Amino acid sequence: MAHKKPLLILWFTVLMIVGCFIWYPVWWGIIRLGIILGLAALWFGGMYLTWPYKAVRISVIIATLSTLLLLLPGHNDDPEKINKTYVEKLMTYEGVRYVWGGKNARGIDCAGLVRKGYIDANFSLGIQTYNPKLLRRAFFIWWYDCAADALGDEYKHMTRKVQDADSMKELANILQPGDLIVGLPDGFHVLAYLGNDQWIEADPAAGGVITISTAQKAAQWEGIPVRLVRWNNQL
Numbered sequence: 001m002a003h004k005k006p007l008l009i010l011w012f013t014v015l016m017i018v019g020c021f022i023w024y025p026v027w028w029g030i031i032r033l034g035i036i037l038g039l040a041a042l043w044f045g046g047m048y049l050t051w052p053y054k055a056v057r058i059s060v061i062i063a064t065l066s067t068l069l070l071l072l073p074g075h076n077d078d079p080e081k082i083n084k085t086y087v088e089k090l091m092t093y094e095g096v097r098y099v100w101g102g103k104n105a106r107g108i109d110c111a112g113l114v115r116k117g118y119i120d121a122n123f124s125l126g127i128q129t130y131n132p133k134l135l136r137r138a139f140f141i142w143w144y145d146c147a148a149d150a151l152g153d154e155y156k157h158m159t160r161k162v163q164d165a166d167s168m169k170e171l172a173n174i175l176q177p178g179d180l181i182v183g184l185p186d187g188f189h190v191l192a193y194l195g196n197d198q199w200i201e202a203d204p205a206a207g208g209v210i211t212i213s214t215a216q217k218a219a220q221w222e223g224i225p226v227r228l229v230r231w232n233n234q235l
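Sequential numbering from 1 applies to the sequence shown in the working numbering.
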């Protein structure tokens, strides 16, 4: 094992780097790529370092076969279940500090919040129901980062436009939990509907993630047109 000591040191170095990437709130494209490459290096490096141990070989084979299940087609889950889980995941971020470009619980922005909640919901349900399609969708949303304006413009078919309106109040009768509202004309902000006349948003003015009523937000956005979009649960 002595001849593998340099590789072992390298393996732990990569582990620390990947951990720092995951911990850091802003995940630029280069960081997401670094996470993927780092995890691959940890996987194959770990196999090489521990392959002489039979129990490890068996565990690796089982883990590899389990990973291959992601290639199976999977199925569309109940949209109501997805939206319910989505709302639950969104609420776990209440109180998280606002960081422009942030994507996790160490700091998050408006688009990061609505995307992270949806990623969490699909990943959680994908694991619980052994549904590869939901796991692939979670990865797709994570990999293709985008801002509020892109969500309003149906970027990569992640969302679908429902209706434009001159104010939030005009949409009250068609809102569903999990809906997103994007401020127009340039998609400067996005927030998510929780149900029961409550919204959640990562608000830079408040310095973090807050819940707010329709009346309060409509008063803040008086005279501002909006676009209602929904996540594409068929993606």
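Note that these hints are calculated values from the structure, not bench results.
Don't take each hint at face value.
[As the list claims (entries may be wrong)] Below, in silico cross-link-like pairs of lysine-lysine (PhoX-like), each with a Cα-Cα straight-line distance of 25 Å or less:
no., residue 1, residue 2
1, Lys84, Lys4
2, Lys89, Lys4
3, Lys89, Lys5
4, Lys217, Lys161
5, Lys156, Lys89
6, Lys84, Lys217
7, Lys4, Lys81
Note that this is a predicted model, so its numbers are computed, not measured.
Verification of the supplied hints:
Between Lys84 and Lys4 the CA atoms are separated by roughly 49 Å; this puts the pair beyond 25 Å, and the hint is violated. Of the pairs offered as hints, the one joining Lys89 and Lys4 is violated, with about 43 Å between alpha carbons and a cut-off of 25 Å exceeded. As the CA atoms of Lys89 and Lys5 are separated by approximately 42 Å, the hinted pair breaks the 25 Å bound. Only pairs whose Cα atoms come within 25 Å are accepted, and Lys217 paired with Lys161 is accepted, the gap being roughly 21 Å.
Proposed proximity of Lys156 and Lys89 is supported: the alpha carbons are some 23 Å apart, at most 25 Å. As the CA atoms of Lys84 and Lys217 are separated by approximately 22 Å, the hinted pair is consistent with the 25 Å bound. As the CA atoms of Lys4 and Lys81 are separated by approximately 49 Å, the hinted pair breaks the 25 Å bound.
Checked against the numbered hints above, the structure breaks hints 1, 2, 3 and 7 and satisfies the rest.
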